[in-house]
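Undergrad: Listed below are the residues making up each chain.
4 protein chains.
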Amino acid sequence: MNTCPILPDVQASKPAVPISLTRVGVTDVKKLVRVQKDGKKPIVLTGIFDIFVDLPSDRKGANLSRNFEAIDETLNKIFELPTYHIEDLCSDVAENLLERHEYAKHAEVRMKSEYVLKKKAPASKIAGHQFVDIFAEAVAERNDVNGTDISVKKMIGAEVTGITACPCAQSIMTETAEKELLNLGVDEKTVQLFLQRVPMATHNQRGRGIISIKTADTKHISLSTIIEIIEESMSSNIFEVLKRADEKIVVEKAHRNPKFVEDCVRTMAQKVIEKFPDISDDSIVTIKQINEESIHKHNAFAERVTTIGEIKEELNNNSN
Amino acid sequence: MNTCPILPDVQASKPAVPISLTRVGVTDVKKLVRVQKDGKKPIVLTGIFDIFVDLPSDRKGANLSRNFEAIDETLNKIFELPTYHIEDLCSDVAENLLERHEYAKHAEVRMKSEYVLKKKAPASKIAGHQFVDIFAEAVAERNDVNGTDISVKKMIGAEVTGITACPCAQSIMTETAEKELLNLGVDEKTVQLFLQRVPMATHNQRGRGIISIKTADTKHISLSTIIEIIEESMSSNIFEVLKRADEKIVVEKAHRNPKFVEDCVRTMAQKVIEKFPDISDDSIVTIKQINEESIHKHNAFAERVTTIGEIKEELNNNSN
Amino acid sequence: MNTCPILPDVQASKPAVPISLTRVGVTDVKKLVRVQKDGKKPIVLTGIFDIFVDLPSDRKGANLSRNFEAIDETLNKIFELPTYHIEDLCSDVAENLLERHEYAKHAEVRMKSEYVLKKKAPASKIAGHQFVDIFAEAVAERNDVNGTDISVKKMIGAEVTGITACPCAQSIMTETAEKELLNLGVDEKTVQLFLQRVPMATHNQRGRGIISIKTADTKHISLSTIIEIIEESMSSNIFEVLKRADEKIVVEKAHRNPKFVEDCVRTMAQKVIEKFPDISDDSIVTIKQINEESIHKHNAFAERVTTIGEIKEELNNNSN
Amino acid sequence: MNTCPILPDVQASKPAVPISLTRVGVTDVKKLVRVQKDGKKPIVLTGIFDIFVDLPSDRKGANLSRNFEAIDETLNKIFELPTYHIEDLCSDVAENLLERHEYAKHAEVRMKSEYVLKKKAPASKIAGHQFVDIFAEAVAERNDVNGTDISVKKMIGAEVTGITACPCAQSIMTETAEKELLNLGVDEKTVQLFLQRVPMATHNQRGRGIISIKTADTKHISLSTIIEIIEESMSSNIFEVLKRADEKIVVEKAHRNPKFVEDCVRTMAQKVIEKFPDISDDSIVTIKQINEESIHKHNAFAERVTTIGEIKEELNNNSN
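Protein chains in written order, with the working numbering: chain A, 1 to 320; chain B, 1 to 320; chain C, 1 to 320; chain D, 1 to 320.
These are computed hints drawn from the structure, not numbers from a lab.
Errors might be hidden in some of the hints.
Note that identical chains are pooled: a pair holds if it fits in a single copy or bridges any two copies.
Below are the DSSO-like pairs computed for lysine-lysine, each with C-alpha atoms no more than 27 angstroms apart in a straight line [what the hints assert, rightly or not]: (1) K41 <-> K118; (2) K125 <-> K30; (3) K271 <-> K243; (4) K179 <-> K275; (5) K40 <-> K189.
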């Protein structure tokens, strides 16, 4: 799909270099998208889309009039039809592309957006907006020559910011506190009780957790559940507005729950299995954690890319 | 590899969730890197590194004291040893990581940087700096239990900016010019001669071409050749300073050589085969072109991801 | 305004270094903002806010409980109250801040967002979304000791992307075409007629025009008019979807209307005076044009920062 | 300065809209710059330049051949001549521009770059690279009609990343620890001694401090001193590699030295006066602190923009 409406015979002609292309299309197309959940008031998102088809080696270019009509029709339909699931939206565009491009065997649609949740501070209950990065993708493949048999894989995911506190620096500070208290004549038992009740200092920072799940399943994967899993896998979730009592809760929670990047990814992996028991074993899950280390200029990073089945197997094997 | 130097027994202990991790490490580590070519004066690049090892399911964390020593030693060695090949530099770090982390089976090092070429304007011969984005990667895999048998795959690539002129809008403008000249009474033959000599207007824009090649071959793949291939596959290369005579050459060249994103990718693919005849057939090549369309706010995009062998086969099959 | 709800007596205490601060506050606060125009359906924007007050030299910190209540109350009100004018929204927050912070003499609120227009392609009339960057600012100053006399200056502006075609390269190409036609025996008069009817090639590229107007006037400055002025001052406006006939119109229009960055800024300045005849002479206008040169990796830039009165005077003086 | 070498008579002609322009030029020009300090080995920086002149209302465009020669000559000279002071480099380009553009009264050159320091971890003394953002600017004004009297103002500055710990959340946690220890039967005096020796937890994060100084003074302002001031004004400086003993020092130091954004800016202001006693009172100083709050998604911000004389006066008046 070049961006020009050239004459059909030019497009159908053989290209100078007879090589097929994996993806041809447009990127960074911004569109308003209206989504809706169970009869609730619809909300409007700004979607940024990448839209591709493949191109065989014997075609110079994609059929542009058809192609742009396809994209536009589907995106307009999306804009008018209330939908909750952004991955279905990607899937509809991908299937529409294959219908219109008889020569394409593969269509791919990616979308990213920002989702807004209302969230209340833990003590004061002051409400604030929480902006979360969300994204979806659909890949449609034509399985037969005539092209009526199409299979689709859909991906959905989110990136959420929270706070992570370092277990290592905390263990150093706890050791220091222990020694000082013993030096000051406080007895061992009191020292241990105190250190259980009050978590000691450590460096902490913004952490970003990312989960995406790619599956051929038709059942919807809840984006809210993905967002919850990410938030609950860091040392604490964070808020827009915090009063004194709220700030105490967040800082204490983060320090009672120190986490390496490794810990965050492993916790997310475990929770994905718990919260989504029905996803097919061959679905692919990508889980990442990036900590914007406050004591360094670089970031700490951990990642697991695997199938749902693999994680289940590892958890089973290793729990014995 | 968490970023904290915790006690060895803590790291070697079993994690709460016994799941292995694909990549654990640090990202966005900036380092000065000195590179040198055949006895020429060394140049200093700023490298931005991502450095990872995998982690088995029975280890809480990576051995940090060893780990940071490994990274630091290798990067310091890189800084002191003249090297031309940035992919070898990544490979050295990756192998060093595997040596020090007896539990890791996989190490991965990515580097991106900016490379500066001196380039002369086509007519005036005024010299200017051309900044090109370059990147490399190495993945080291341990093949046996004892860990002395390590295989490495290296990747190298570049992104270069040039100008692309749209063939479609040009064909429309050429048609318009043809009609006007015939209307004004100019004879058909003169019209055709004129249109062969003077290319008509079209929209044109900054285009970005990207090539990366990933291989297990030990022979070096020339970065300068990759940069040349990308430049020569767009409508024209571009320059820092252009005098009147230079500008005429660049604008004419671009308009005599209009290219869709599809054309740029196909030309790059063909030239990769021509210029690198010795790369193994199973090497993976990724070729992309992004045009920052001057008539749209979105970009046009084409991509081919495949093996060297596949491209050769397509070229052979389709040339018959 | 530090971000912590510390004890009031701590905040009111003298700081260790008794120096006043120009701006204290929060940046990159994302909020949903509902705006509405003359009984039309309200639209929801994502606003990114920077919110500041000044701090006298004898106060350690800003009164945080009051401060966050102020911000939150105003922003919540904004979210619930339909408003069309984003600069009024900034102004309301700024005045609210001064009411709550008895020690502050200066409050400043900046907002940026994205505005979506429906726009039809020139020939096919296919509708597309046009995303435009918009921004506003309000500065509230307390004029008296008691603090009931507050004066406010508001700023509003937009950045719009279009296409600019270079007049210089076009004059070179026109000269070339002229010579070739004369060489081919076409008579001078026919050549001139042809060159009047068909614009010759040149390099063209994405251009970005920016206008902001800062005034103490209470009358609203139309954002749509600002957007129109910017679009009409480049070689051509651009569209999301273009069919063959549309593309011909855009490319021809851009080539009939070549513009340097200087020309774009001067045209915008003239149009601002024409379209906003009532803005006070002491209002400050900033006009910029950035061309993402397709023949270079760097950008071309022109800017005028002055008062409305100055532009009027220059236009009057120089037209004589 | 448009980017095209059009015919001189075209440029010298009157523009369609007779309005003068504040800045015309090029932005994002990348150049290699070699700098040197007192006979030490020269280092090479990548400078990103913005270069402008003003344009009178009666000139259509800037004289391009002259203009590009001016830029190029000066930048090439910079590349060849060892220089330590990047603000002098900007100043040389600005003066050269005024010499060549007889119609311009104002020339402005901005440069940003990255500077690398070798820095040792506090305990292990492991050396690492510290990358710091640096920037400079020069504005040259022609004071007379003939243009031989030129005055120049130069600006120099840096942005450094460190760690800031929140004093407010720490006071909450200290209160909590105090209560728990008293509850556990530890006597008041021991509690106070303990809390003096071991700093309690708080949220902490990456902070970015920025100082720039603009002056007509000819004496050089040390960039290293600016970088030191910024580092010492946060809770702690940070490092590339930290071993266990280093990490203890950094985390303890940050927690013994909690700082609001307000505190960081005030400390920087005081240190600028102490370390640069000779800068003229009318020099303008801009001091900013941005904390990437780990408990919020937004940033905390404080800024002071004023003259050196004003800060001195405030410090004198308020110390009485």
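Undergrad: A separate judgement is required for each hint: does it hold in the structure or not?
TA: Now for the hints, and whether the structure bears them out:
no.	hint	verdict
1	K41 <-> K118	both (14 angstroms within a copy, 23 angstroms between copies)
2	K125 <-> K30	between (35 angstroms within a copy, 19 angstroms between copies)
3	K271 <-> K243	neither (30 angstroms within a copy, 33 angstroms between copies)
4	K179 <-> K275	neither (43 angstroms within a copy, 40 angstroms between copies)
5	K40 <-> K189	neither (56 angstroms within a copy, 60 angstroms between copies)
The structure is inconsistent with the numbered hints 3, 4, 5, although it conforms to all the rest.
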